[in-house]
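A.B. asks: Sequence:
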Amino acid sequence: MKKEVKDTIIVELGEKLKEYAHFYLVDVAGLNAEATSALRRKCFKNEIKMIVVKNTLLHKAFEASEVDFEPLYDTLKGSTAVLFSHVPNLPAKLLKEYAKEGTPVLKAAYAEEGIYIGADKLNELASIKSKNEVIAEIVALLQSPAKNVVSALQSGANTIHGVLKTLGERPE
Numbered sequence: 001m002k003k004e005v006k007d008t009i010i011v012e013l014g015e016k017l018k019e020y021a022h023f024y025l026v027d028v029a030g031l032n033a034e035a036t037s038a039l040r041r042k043c044f045k046n047e048i049k050m051i052v053v054k055n056t057l058l059h060k061a062f063e064a065s066e067v068d069f070e071p072l073y074d075t076l077k078g079s080t081a082v083l084f085s086h087v088p089n090l091p092a093k094l095l096k097e098y099a100k101e102g103t104p105v106l107k108a109a110y111a112e113e114g115i116y117i118g119a120d121k122l123n124e125l126a127s128i129k130s131k132n133e134v135i136a137e138i139v140a141l142l143q144s145p146a147k148n149v150v151s152a153l154q155s156g157a158n159t160i161h162g163v164l165k166t167l168g169e170r171p172e
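Numbering-wise (the numbering used here), the sequence shown opens with residue 1 and increments by one.
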């Protein structure tokens, strides 16, 4: 591979690291072509960008980045694919589907500005809530008391209305 091509790949990887807030390093050595294609399709459906990279080029992209990815350097061995995502837990949920088969295997991840190393972190990563999930929970918590108040006021209004109607219909 020519130096110009390598430099271009390093720059493109650097742009992906800036564009996507979360990425997973995955060992895809045990996958054949058919299984790799199936994984790519699932990634595409879940809005995850999958790129198979050379470890040395990814290492250089990490070095050029403003973020310190040094703890990830030791994981750059063997066959590596990078799963880029805007949602921190989507790649983990996808990888959990493959956990029974044994491949692909999580090497490391960078999610929510934290570095996770090892396949044993998969459950922890899958349980991270996305920004939208957290917002939805907060909205639900805020709506609950308001709904209770509105409900109480409506039932009280109906009760008062009924009492007044009964009193109004009563002969004097």
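Where hints are given, some of them may not hold.
Claimed, not checked - Label-pair distances were calculated between CB atoms; the ranges are:
no. : residue 1 : residue 2 : range
1   : N123      : S65       : 23 to 29 Å
2   : K100      : L141      : 15 to 21 Å
3   : I117      : K49       : 29 to 35 Å
4   : K93       : G30       : 17 to 23 Å
5   : A21       : K147      : 32 to 38 Å
6   : K42       : G114      : 20 to 26 Å
7   : E101      : S144      : 22 to 28 Å
8   : I135      : N32       : 28 to 34 Å
9   : K147      : A35       : 46 to 52 Å
10  : P71       : K49       : 31 to 37 Å
11  : V5        : E137      : 45 to 51 Å
12  : E15       : E137      : 30 to 36 Å
Honestly, the hints are just simulated from the structure, not real lab data.
From the three backbone atoms N, C-alpha and C, an ideal C-beta is built for every residue, glycine too.
A.B. asks: Where does the structure disagree with the numbered hints, that is, which hint numbers, in rising order?
C.D. replies: Violated hints: 2, 3, 7, 8, 10; rest satisfied.
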